[in-house]
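Go by the hints and put chain B onto chain A.
If you read the protein sequences in the order shown, they are chains A and B.
Here the first sequence is numbered in the numbering used here, starting from 186 and rising by one per residue.
Here the second sequence is numbered in the numbering used here, starting from 7 and rising by one per residue.
Because the hints were derived from the structure by calculation, they are not lab data.
Please note that the accuracy of each hint is not assured.
[Unchecked claim] Below 16 Å or equal to it, Euclidean Cα-Cα: the simulated EDC-like pairs (lysine to aspartate or glutamate) are: (1) 231(B) to 257(B); (2) 347(B) to 365(B); (3) 224(A) to 448(B); (4) 344(A) to 274(B).
Bear in mind the structure is a predicted one, so any value in this text is a computation, not a measurement.
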Amino acid sequence: MFGYMIKRFAYSIFTLFVIITITFFLMHAIPGNVYNSEKNLPPAIVENIRAKYGLDKPLSEQYFTMLKNTLKLDFGISMKNRGRPVNDIITEHFPHSARLGIFSITLCLFIGIPLGILSALKKDKWQDRLAMIIATLGVSVPGFVVAVLTQYLLGVKLKWFPVIGDKTIYHLILPAIALSFLPISFIARLVRSSMVEVLEQDYIRTARAKGLSERVVIYKHALKNSIMPVVTYLGPLIAGVLTGSFVIESIFNIPGLGRYFVTSISNRDYTVTMGVTIFYAVFLVLMNFAVDVLYTVLDPRIKLKN
Amino acid sequence: MKKRLIAALVIAVMVVSVFAGCGAKGTKDNGSKNEGGKRGGTAKDTVTAIFGSEPGTIDPALNQTLDVGTYLAHLFEGLTDLSQGGIKPGVAKSWDISEDGTKYTFHLREDAKWSDGKPVTAYDFEYAWKRVLNPETASPYAYILYVIKGAYEYTEQGGKAEDVAIKAVDEKTFEVELVGRTPYFLELAGFMVTVPVRQDIIEQYGESWTQSPETYISNGAYKLKEWKHQDELVVVKNENYWNKDEIKLNEIRFKLMDDDDAALSATEAGEIDVNYAHIPPTAIPGLVAQGKAEILPDLTTYFYDFNTKRAPFDDVRVRKAFALAIDRQYIIDKVAMANQKPAIGWVPYGMPEPEGDKDFREVAEEKYGAPYLPVNANVEEARKLLAEAGYPNGEGFPEVELIYNTSEGHKMIAEAVQNQLKENLGVNIKISNMEWNVFVEERNKHNFDIARDGWGADYADPMSFLDMWLSTSGNNTAAWENKEYDELINKAMSTGDQKERFELMHKAEQILMEEMPILPVYYYTKTVMYPENFEGWYFSPVGIFYLHRAEFK
Numbered sequence: 186m187f188g189y190m191i192k193r194f195a196y197s198i199f200t201l202f203v204i205i206t207i208t209f210f211l212m213h214a215i216p217g218n219v220y221n222s223e224k225n226l227p228p229a230i231v232e233n234i235r236a237k238y239g240l241d242k243p244l245s246e247q248y249f250t251m252l253k254n255t256l257k258l259d260f261g262i263s264m265k266n267r268g269r270p271v272n273d274i275i276t277e278h279f280p281h282s283a284r285l286g287i288f289s290i291t292l293c294l295f296i297g298i299p300l301g302i303l304s305a306l307k308k309d310k311w312q313d314r315l316a317m318i319i320a321t322l323g324v325s326v327p328g329f330v331v332a333v334l335t336q337y338l339l340g341v342k343l344k345w346f347p348v349i350g351d352k353t354i355y356h357l358i359l360p361a362i363a364l365s366f367l368p369i370s371f372i373a374r375l376v377r378s379s380m381v382e383v384l385e386q387d388y389i390r391t392a393r394a395k396g397l398s399e400r401v402v403i404y405k406h407a408l409k410n411s412i413m414p415v416v417t418y419l420g421p422l423i424a425g426v427l428t429g430s431f432v433i434e435s436i437f438n439i440p441g442l443g444r445y446f447v448t449s450i451s452n453r454d455y456t457v458t459m460g461v462t463i464f465y466a467v468f469l470v471l472m473n474f475a476v477d478v479l480y481t482v483l484d485p486r487i488k489l490k491n
Numbered sequence: 007m008k009k010r011l012i013a014a015l016v017i018a019v020m021v022v023s024v025f026a027g028c029g030a031k032g033t034k035d036n037g038s039k040n041e042g043g044k045r046g047g048t049a050k051d052t053v054t055a056i057f058g059s060e061p062g063t064i065d066p067a068l069n070q071t072l073d074v075g076t077y078l079a080h081l082f083e084g085l086t087d088l089s090q091g092g093i094k095p096g097v098a099k100s101w102d103i104s105e106d107g108t109k110y111t112f113h114l115r116e117d118a119k120w121s122d123g124k125p126v127t128a129y130d131f132e133y134a135w136k137r138v139l140n141p142e143t144a145s146p147y148a149y150i151l152y153v154i155k156g157a158y159e160y161t162e163q164g165g166k167a168e169d170v171a172i173k174a175v176d177e178k179t180f181e182v183e184l185v186g187r188t189p190y191f192l193e194l195a196g197f198m199v200t201v202p203v204r205q206d207i208i209e210q211y212g213e214s215w216t217q218s219p220e221t222y223i224s225n226g227a228y229k230l231k232e233w234k235h236q237d238e239l240v241v242v243k244n245e246n247y248w249n250k251d252e253i254k255l256n257e258i259r260f261k262l263m264d265d266d267d268a269a270l271s272a273t274e275a276g277e278i279d280v281n282y283a284h285i286p287p288t289a290i291p292g293l294v295a296q297g298k299a300e301i302l303p304d305l306t307t308y309f310y311d312f313n314t315k316r317a318p319f320d321d322v323r324v325r326k327a328f329a330l331a332i333d334r335q336y337i338i339d340k341v342a343m344a345n346q347k348p349a350i351g352w353v354p355y356g357m358p359e360p361e362g363d364k365d366f367r368e369v370a371e372e373k374y375g376a377p378y379l380p381v382n383a384n385v386e387e388a389r390k391l392l393a394e395a396g397y398p399n400g401e402g403f404p405e406v407e408l409i410y411n412t413s414e415g416h417k418m419i420a421e422a423v424q425n426q427l428k429e430n431l432g433v434n435i436k437i438s439n440m441e442w443n444v445f446v447e448e449r450n451k452h453n454f455d456i457a458r459d460g461w462g463a464d465y466a467d468p469m470s471f472l473d474m475w476l477s478t479s480g481n482n483t484a485a486w487e488n489k490e491y492d493e494l495i496n497k498a499m500s501t502g503d504q505k506e507r508f509e510l511m512h513k514a515e516q517i518l519m520e521e522m523p524i525l526p527v528y529y530y531t532k533t534v535m536y537p538e539n540f541e542g543w544y545f546s547p548v549g550i551f552y553l554h555r556a557e558f559k
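Isolated chain A, as found in the complex:
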């Protein structure tokens, strides 16, 4: 286990290094500049700005400076949001994305899994059909459509929910629905198909033959094995949802990190793009690792070895 963890750690560092390098050079390869605007600046002033941000230095030098600062966990100061350190942006805005994300993931699990179980148990009955129609809708209707529709109907027209912001849990309900509609559907379908398969396995028949109650058979024996695909899906899902969605955050005006990530790219705000990318990458690597560890808990047959 520990040997595995060390090796895994080394791989993660390498992965991060590759991500950082590729992002850095891609980012600088896009045409445009942070100081581009409607007003054309005189060349002398452009030179000053470039010198200030070190953009006048050769790209390789900028790259090594960036690497060195990254090791010190210093992502520099935003070029567009004048005077704001990137570290501040991350620590201030990630919690907003994460709070909404945790809420959405909870919704995903507590609605998606039961929906899948119900479908599997009532296979080909009307409950199954209904659940799968909902799931198909969820997979095919994009999140922003759900967001705009619920915002208008439940927020503006019926006035059941506030329209913008994330001050209270109450504010989070609409964005969480929009964010979790697709994963709920996906999880429901995953659980259904693997459950249907598991229920036909020999050990389930054995469990039933032993005279165990249906409840124990389903929740103790069947569910544990049919949940494996969900665990696989959960790693990237958590990383994706917790780090924030640009579209949902914009529509509900939630001050999350997802908005900064996207706008920093269109602003050519190199320091922010780099800092947030590294932060996301670390997060994703951690989540994937957590999923691997979770496998061993759920399925003793899986061993984490070299």
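For chain B alone, kept in the frame of chain A given last:
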């Protein structure tokens, strides 16, 4: 078993750390649960308004957007006060202007104070103005002060700060010498860029002085209370403001949003009181018809640049043919849909003339042969010109491309133009979109055939529109050069006689419209929504919304 325990522990630690990381700040940010109830209802002395999205900066020297200009108008006060229409004394209680109109002496009022109680002095102005010009500051608006002696040399030619004719004579006397007579200089003295800033603060905190209310010391009607990034910028009444008795609202919450649909939803749900120009275009006709929104004029022109350095647009006949072939009214009625006015010239409506109550456009029509362009298309004339240029019925016309920055609105207008050129001239053009940043770069490098463009006035004078087409101007995106035009504008800039100045500017616009380096489409409007009982605000011609004397009746 042991292995599983460790595994479970690892996960537990990770999960807890994630949650802990969120909780710490989350509760602090979101602890104010009961503020104004769950619907965010607005108290009588607080207004919630939307003017723009998260700003890059609220530093007066670095800003170049109108939304931040609006916040700055509430947070700072310049020498003159433009918040009620006309030019009123601001920090300066009076001023003297020399005979030849090139030397201004401002006398500052004794009771003008900063939000921390210190007096506002002429030295604050000297520091602020020179800071704008300092090439190290890299202010996008430095050029607007080039009317001052030595300013251009300091910013762009390596000149010295001491040689700029901006001088604090004593604590309360401020002197400025200009290159030539500048009739709009008093307006400039109240512009968002020319407000005073604090040297002690900026030298101590550097660029981050704008980041917290403790260091963001201002001298206007309001002071910064809180800047919740991507959420709202909250300002409260400044108790140290000399004219505070005239200020009605105690607090203004400037919402920071980037989605117009969401802004409209929030306005309709009552979470936002004043919505200025953050309404999706498709919703505007309906809202206006229901009486929920009002359309205000705006000193901004929507146009296209021709690349005058590149064939076929190096031929004036081709440029004119294109400009004549566009049905402007159709584009407004069917595509833009917010009661814009057809751009039948370059300078928009609403620029006051020195005499009488006519504006620049009306006088152009009376005396100078405007309208220069038809409201609907003049197909016959356009075809004739194109044939003269060697492309009868569009035959043999080279493939040209029109570029615009990615946006649904710009796309629809570009498609309409493409269609009309095809129908009216038989010319096929390609249209393509580009991401904003790339687009600006291509346009500034003159790497295009036709490019979308827009220009708004910084001050209510036609010069704000005309000096950009000087061959030396950095904003001359069409790469157009005309000696006669340059001469007329330079003459207008230096003449002391207002009447002559306007004559020269009219003649310059005539040349511009004869040469047609651009294709004006329409004059913008701004759509605004506000509660029925919200009164007393003032909307300036250059598009700043002053809430200083506004209140809920």
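Comparing the hints with the structure gives:
no.	hint	verdict
1	231(B) to 257(B)	9 Å, holds
2	347(B) to 365(B)	15 Å, holds
3	224(A) to 448(B)	14 Å, holds
4	344(A) to 274(B)	10 Å, holds
Consistency with the previously given hints is maintained throughout, with no hint failing.
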